[in-house]
Structures are given as structure tokens and as C-alpha cells.
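Colleague: As given, the protein sequences belong to chains A and B, one line each in that order.
The first sequence begins at 65 in our numbering and counts up one residue at a time.
The second sequence begins at 191 in our numbering and counts up one residue at a time.
In case anyone wonders, no lab produced these hints; they're calculated from the structure.
Honestly, I wouldn't trust all of these hints.
One side only, chain A facing chain B, incomplete, derived with CB under 10 Å [as the list claims (entries may be wrong)]:
id	residue
1	L83
2	F98
3	Q106
4	H107
5	F131
6	G170
Quick caveat, the model's predicted, so the values are computed rather than measured.
In this text, a Cβ means the ideal position worked out from N, Cα and C, and glycines have one as well.
Listed below are the residues making up each chain.
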Amino acid sequence: AQSVSQHNHHVILSEAASLELGCNYSYGGTVNLFWYVQYPGQHLQLLLKYFSGDPLVKGIKGFEAEFIKSKFSFNLRKPSVQWSDTAEYFCAVNAVPSNTGKLIFGQGTTLQVKP
Amino acid sequence: EAQVTQNPRYLITVTGKKLTVTCSQNMNHEYMSWYRQDPGLGLRQIYYSMNVEVTDKGDVPEGYKVSRKEKRNFPLILESPSPNQTSLYFCASSPRTSGIAKNIQYFGAGTRLSVL
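Could you put together the complete structure from these sequences and hints?
Modeller: Right, dumping it as C-alpha cells:
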């Protein structure tokens with residue numbers, strides 16, 4: 065069965081620190097990969113996505129992620145975090161092709177940025 | 191504005207009292223889905239719908255029902271809620287494209303349900 069694992073459950077950083085959140089998935093076939101962000105009290109928003117092509121993808125608000133197929137990983141990065149990045153971050157995967165359209169989510173990582 | 195709208199946002203109820211959480215999207219999306227979010231478990235799919243009158247179970251369907259009579263609406267029904275259904279629920283929708291499932295899902299704001 066497909067699964068997604070996010071290694072860091074709770075991360076605390078100071079403003080301007082660099083961020084890397086780990087995400088690994090288990091599925092041997094082709095996948096689409098996503099990072100979603102959930103700001104306090106808000107709905108999930110798409111940060112970035114990978115379907116194919118350049119494994120380094122850039123998203124909104126200065127975030128980027130790198131797909132490393134050999135490691136089944138899709139880590140999220142940001143060079144310099146801001147207080148407004150405080151949120152919960154979810155990595156998600158869906159298999160290609162998909163009969164259900166189901167996104168498999170990781171457990172989530174709570175990021176707290178101290179001003 | 192393109193959006194997925196869920197109602198209510200917050201609901202406290204008692205065991206066994208039937209309830210419905212509504213979900214509506216204005217993007218003419220074919221695909222809709224319900225997830226529940228629990229601490230440490232991420233989001234898990236409850237039910238999904240590929241189109242009108244086409245629904246199917248996700249990973250955690252027990253205790254839930256859905257219907258898809260119109261393209262824009264996908265209500266989640268709890269016939270007899272129990273405390274283990276206390277959770278945060280999200281509705282999502284997605285345009286379906288033929289071939290590769292470029293399944294970018296758009297989420298509602300969530301419904302926080304407490305069953306006492």
C-alpha cells in the first residue's frame with residue numbers, strides 16, 4: 065500500500081533560518097507529488113507540485129522542493145523563513161494513473177517560526 | 191471567486207443524532223472527495239465521487255454516507271455519529287483530465303466536528 069512519511073512532526077525556527085522538511089513515499093510506480101500548507105484556521109493551499117520534468121520545482125512564497133526518485137523523496141525547502149510561514153505542512157502523493165484520484169497524505173509537520 | 195464551500199464550519203452534536211455537512215464547489219469540477227484529518231494521521235480519504243451519481247469508498251468510509259445528485263454538491267452524511275468521528279473534515283474538488291491524473295485538489299476551509 066502507498067504511504068507517505070514526514071520525518072519532522074514539529075519544527076521550531078527563528079526568522080531568516082533555512083528550512084528543510086523531509087518527505088518520503090512508498091510506491092514503486094509513477095507518482096504526482098504535492099506539498100500543501102495549512103495556515104492556522106484556514107484550508108489547505110497548494111504550495112507546489114511535481115508531475116514530471118525538472119525535479120526541482122518552485123512554488124509560491126519562495127518555497128521549492130526536489131524530487132529524488134532514487135530516494136523516493138520530495139523534500140520541501142526555503143532559504144529564509146518568515147514569521148508568516150508558521151503553519152502546518154503536508155506532503156501528498158497520488159499514483160499515476162489513478163482510479164480513485166486519492167491523495168495519500170503524510171502526517172503533517174507543524175512549523176513554528178519565532179520572530 | 192473559485193472556491194469550495196463547506197458548512198457548517200463548527201459543529202457540536204451528540205451520539206446518534208444524524209447530521210449532514212454540505213460541500214459545494216463553483217469550478218464545475220467533476221471530481222469531489224471527503225477527507226478527515228486527525229492528529230498524527232494526516233488526511234485520510236472517506237469517500238470520493240468521479241461525477242454525478244458516481245461515488246465510491248475511500249480508506250475510512252465506515253459510518254459515513256455521501257450523495258452526488260448535482261455536479262456542484264457533495265454532502266457528507268453521518269447517520270448515527272459516534273465520538274470516534276470527532277475530527278476535522280475537508281471537502282476537496284478537482285478537474286479531471288483524461289490520461290494522466292493531474293489531480294490538483296482544491297480544499298474547503300474545513301468543518302470541525304465534535305460528537306459527545
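Colleague: Are the hints correct? Go through all of them and say.
Modeller: Hint by hint, here is what the structure shows:
1. L83: Cβ of L83 (chain A) sits 19 Å from chain B, so the hint is violated.
2. F98: Constraint on F98 (chain A) satisfied, holds at 8 Å.
3. Q106: Holds. Min distance 7 Å.
4. H107: Since chain B brings a Cβ to about 4 Å from H107 (chain A), closer than 10 Å, the hint holds.
5. F131: At 15 Å from the nearest chain B Cβ, F131 (chain A) fails the 10 Å test, so the hint is violated.
6. G170: 5 Å, holds
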